[in-house]
Each structure stands twice: as C-alpha cells, then as structure tokens.
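These protein sequence lines are chains W and S, in that order.
One point on numbering: in this note's numbering, the residue at position 166 of the first sequence is 166, and numbering is uninterrupted.
One point on numbering: in this note's numbering, the residue at position 163 of the second sequence is 163, and numbering is uninterrupted.
No wet-lab data here; the hints were simulated from the structure.
Errors might be hidden in some of the hints.
As the list claims (entries may be wrong) - A short list of chain W residues far from chain S (calculated; beta carbon distances all over 12 Å): (1) F132; (2) K135; (3) S151; (4) A185.
Stated by the list, open to error - Simulated restraints, written as ranges between beta carbons of each label pair: (5) R44(W) to A236(S): 51 to 57 Å; (6) D100(S) to A15(W): 50 to 56 Å; (7) S151(W) to S205(S): 48 to 54 Å; (8) I68(W) to S67(S): 31 to 37 Å.
The beta carbon of each residue, even a glycine, is placed where N, CA and C say it ideally should be.
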Amino acid sequence: MPEHTVKAFSEELDALANEIARMGGLAEQAVIDSIAAVVRRDTRLANEIIERDAQIDREQREVERRAIKLMALRHPFAADLRQVLTAWRISGDLERIGDLAKNIAKRTLVLNQSDPIQITKGIERMGKIAAFQLKTVLDSYARGDVQAALSVWMHDEDIDAHYNSLFRELLTYMMEDPRTISPCAHLLFVAKNIERIGDHCTNIAEMVHYLVTGEEMSAERPRAKDDPTPVDPSSAAGV
Amino acid sequence: MSPHAEAERGSGGLAVPQARAAAGVVIDGGTKIAARDVSVFYGDKQALFDVSIDIPDRSVTALIGPSGCGKTTFLRCINRMNDTIEGARVSGVIEIEGKDIYQKSVDPVVLRARVGMVFQKPNPFPKSIYENVAYGPRIHGLARSKSDMDVIVESALKRAGLWEEVKDRLTAAGTGLSGGQQQRLVIARAVAVNPDVILMDEPCSALDPIATAKIEELIDELRENFCIVIVTHSMAQAARVSQRTAFFHMGSLVETGPTEEIFTNPRDNRTQDYITGRFG
Numbered sequence: 001m002p003e004h005t006v007k008a009f010s011e012e013l014d015a016l017a018n019e020i021a022r023m024g025g026l027a028e029q030a031v032i033d034s035i036a037a038v039v040r041r042d043t044r045l046a047n048e049i050i051e052r053d054a055q056i057d058r059e060q061r062e063v064e065r066r067a068i069k070l071m072a073l074r075h076p077f078a079a080d081l082r083q084v085l086t087a088w089r090i091s092g093d094l095e096r097i098g099d100l101a102k103n104i105a106k107r108t109l110v111l112n113q114s115d116p117i118q119i120t121k122g123i124e125r126m127g128k129i130a131a132f133q134l135k136t137v138l139d140s141y142a143r144g145d146v147q148a149a150l151s152v153w154m155h156d157e158d159i160d161a162h163y164n165s166l167f168r169e170l171l172t173y174m175m176e177d178p179r180t181i182s183p184c185a186h187l188l189f190v191a192k193n194i195e196r197i198g199d200h201c202t203n204i205a206e207m208v209h210y211l212v213t214g215e216e217m218s219a220e221r222p223r224a225k226d227d228p229t230p231v232d233p234s235s236a237a238g239v
Numbered sequence: 001m002s003p004h005a006e007a008e009r010g011s012g013g014l015a016v017p018q019a020r021a022a023a024g025v026v027i028d029g030g031t032k033i034a035a036r037d038v039s040v041f042y043g044d045k046q047a048l049f050d051v052s053i054d055i056p057d058r059s060v061t062a063l064i065g066p067s068g069c070g071k072t073t074f075l076r077c078i079n080r081m082n083d084t085i086e087g088a089r090v091s092g093v094i095e096i097e098g099k100d101i102y103q104k105s106v107d108p109v110v111l112r113a114r115v116g117m118v119f120q121k122p123n124p125f126p127k128s129i130y131e132n133v134a135y136g137p138r139i140h141g142l143a144r145s146k147s148d149m150d151v152i153v154e155s156a157l158k159r160a161g162l163w164e165e166v167k168d169r170l171t172a173a174g175t176g177l178s179g180g181q182q183q184r185l186v187i188a189r190a191v192a193v194n195p196d197v198i199l200m201d202e203p204c205s206a207l208d209p210i211a212t213a214k215i216e217e218l219i220d221e222l223r224e225n226f227c228i229v230i231v232t233h234s235m236a237q238a239a240r241v242s243q244r245t246a247f248f249h250m251g252s253l254v255e256t257g258p259t260e261e262i263f264t265n266p267r268d269n270r271t272q273d274y275i276t277g278r279f280g
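Okay, chain W solo, but in the shape it has when bound (with noise of 0.2 Å):
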C-alpha cells in the first residue's frame, strides 16, 4: 500500500503494528518460559514470569494509549481503522495470554511444594503446540498471511484434543491416590490455561483475517469430538 500523503500518520500506524510486535514478542517468551518452569520445576525461573508480567500490561496501555490517539487525530478509515481497531484488540488477547502464563508461573510455585507427578511430558508437548501457534500467528499478523492465520485457527483442535486426553489422565491419577489430588489440581489449571493460551490465538487468527480481508472468519470452527468437559468452566480457570 502507498504511503499516506501526510507522513506522520504512515509512521504512527506502523508505530502501533511495532508495538504489537514488542507485545507478542513478550508473551511468546512468557509461554515458552511458562512451560519451561512447569516442565523442570523451576521455582527461579516462576518467579521471573510472574514480575515480567507488568511489562506486557504496561505496552498493552500503550498499545491502547496510540489507538485512541490514532482515533481521535487521524480519523482512520477502511484499512487503516481495521489496523488501529485489530492492534487494540490484539493486544487484549495477549494481556490476556500473558495473564494465564503468569498463572501457570504460579502454579509452578505450589507444585513445586509437593512432589512431582508423571504427566509432564503431556504438558510439555500441549505447551509447546500453544508456543507455537502463537509464534505462527504472530508472523501472520507481521507478514498479513491469511493462510498462516487460517491454519492457526484450524489447528487449535490439535491444543484441544491434548488437553482433553490430560484431563481423563489427571482424573485416573487422582482417584488412585487421593494424596496426588492438590497437584493434579494444579496441573489440571495449567493445562486449562495452555488451553485457553491456544483460544487467545484463534482470537488473534481472527483478527488478522478480518485486517487483511476486511471480513469476519464465518465458517465453524472445527472441535475435538470428544471434549469432556461440555459446559466450560474456565472462568475458575483464570488468575
């Protein structure tokens, strides 16, 4: 696309695009580093996750501080508005993931507590899926590939799928041995929390589409068939 004749807008909407970039840089690192501590119970690395998390919500008042800056002096229409409307959206989605990697950093704190319990390697493969959908769909936002996004957005089954095969594993543990119960607890939110991570970058996929194309994703989204939990509870999931 051209250049705006008036410069100054051009460079301030790609400001907000880096800024989005910055972002998701953090809560990349965030998630991949979440996993880790979970993984090697890594009670100094938690600990660093959960102070770098006021950095991901200071650039997400940024990100909102330039929006509404853009808004109110440019006036943005067609894809310039789409721009400020998605990178102020975006950011929402990965405060958020950057929330539930700080979770996850906190929850590593408590397992930590207790001793461990076998299924990590589940986590570990569930976490690294959820890494990587959110490194592919930042690149599409980056690159505006709709197809990168696409296949973000169909993929997100796969975090699903893994997600539902640790809850029936975590269930067998827990009712052998009652006294695994507060950690299997932990590790059931930490995989909820990968879960809803994965649900944050089908958000972000969307958003692209809509950048790129100008219209709403409208097909359904494919689920995993066998989704145990039908009525979703992740509200207590949360912080």
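Based on these hints, arrange chain S on the given structure of chain W.
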C-alpha cells in the same frame, strides 16, 4: 472495475416507475434516480465516462472523489444544470422515477423545481426571508391565497430547522442571516416547492462546525421524505450523513456501496487510497 461494483450496477436495472409511498412510512423507497452510461463532454473534452448508478429514494447518497473527478459534473446532470453551459453535451440516460429527464418533452425549469439544488456558498435572493421561500411556490403556482402561502413558508422554514430563529423577522433581508442560517434558508427555499430530489454541492464547506452540524442534522431529517444526493470533500461528512457512497475518479464511477462498507472495507484500491489519504 471491481466485480463488486459490477454487481452493484447489475442489480437494479432501469428503474421501474414507483408510486410514491405514503409519507414517512417507507425509509428506503427503492430506486429514485437511475443513470445509465452517462457521459459528459465539454467541447472535445470528456469529463464523465459511462457512469451507471441507481440512487435510492428516502436516503442520502454521497458522491466523493478528488477535485476534477466528475462528481459535481454528474450531480449537475441530475437537474440538467449542464444545459446552461456552452458546449456541454450529455449522453446516456438519466431517469427519475422511470422518466427520462433528457427527453425533449421535459421542461428543464419544471425539472429543476422537482430537483432542487443547494450550492457551496449560500445564495439567498436579495429579498426578505419570507420572499426567499415564497418565490418558488409562487412562480409554480402552488399557493392560491396569501394564507396558503403563509402555511407553505412556515412549513418549509420548519422543515429546514430555521423557523424558530426567524419567525419574528420574516420581512428582514435573507442576506442578513448568518452563513449557516442562509444555507438553511436556501434549503427551505428548495423544500418549499416540494421537490423529489435535493442535490447538494458541498453545502457545508463555507460553514463553521456548529452550523455544519445543524445542516447535517437537517439532512438526516430531510431524508425521511426526500432523495438527497450530496457532493462533499469531507470524508468524515460523507461517512456521517450518507447511507450510500459513490467514489468517482478521473471521470469514472469507481465504486458504489453502503457507506459503512465503503469506509471499512472498500473493494477497489483507488477507493481505499483516496479515503485513507494516500493519493499523491
């Protein structure tokens, strides 16, 4: 030409003559103005190229585009204002309610009563406020008596949102009003002859933001009863007042569609570049 714009054009076909629906009931009363392959030449120079568009009744259609794009030329075709320009030639068909306005049998003077026009600079007659509004109805014989005329003048001034401000000084000169009031007086004058269509050529460009807001509010009220076509250089104004937007560029109609769509997701790159301020 984008496929979208093509589809837009194909949809209406030539207008089917429609009885005017009962006042105030229908908001969008179907196609009011149908233009097909309208071209305009000034001498050897072609200013407008094969413009085809359906303009709905009881709604506001904004014509936007850079200077010299043909939007005002097209607007002036709708009440045959181009007839008054030496060497101007119009080809193609423009129908209002299914009737070709360029047929020999159509009297341009009568046509211009049905298709009122409001210009960039308010142009009240150097007469009283009352006479400014009464002039049209009088020459068209719309009032049988003085009291008839009083009713017409009052109702036109009310519809133009000016009555409360001028009712105690109807004999004062129209030219003594403020710019915004003058513009509303001119709109009252257009409305007084009960037109089918009101054309507006940048009606707010000489007004301050408050007067502009009053005119925009007025436009929004008038669209319940009239087909309004407005040329504006202000994107924001087009976005605020119109239900449909048509983008002109270099004498061609590039794209037309619901205003919301044009301003969030235009199909054509030229539209996109223009409304986002990217034309060099």
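For each hint, the structure was consulted:
1. Against the 12 Å criterion, F132(W) stays outside the reach of chain S, whose nearest CB is about 31 Å from its own CB.
2. A cut-off of 12 Å between C-beta atoms confirms that K135(W) is not in contact with chain S; the least separation is 28 Å.
3. Every CB of chain S lies more than 12 Å from the CB of S151(W), the least distance being 23 Å, so the non-interface label holds.
4. Every CB of chain S lies more than 12 Å from the CB of A185(W), the least distance being 46 Å, so the non-interface label holds.
5. At about 54 Å, the CB distance of R44(W) to A236(S) agrees with the hint of 51 to 57 Å.
6. Hint check: D100(S) to A15(W), Cβ distance near 55 Å, so the stated range 50 to 56 Å holds.
7. In this structure, S151(W) and S205(S) meet the distance hint of 48 to 54 Å, their C-beta atoms being roughly 49 Å apart.
8. Separation of I68(W) from S67(S) is about 32 Å and conforms to the stated range, judged on CB atoms against 31 to 37 Å.
Comparing the model with each earlier hint shows no violations; every hint is respected.
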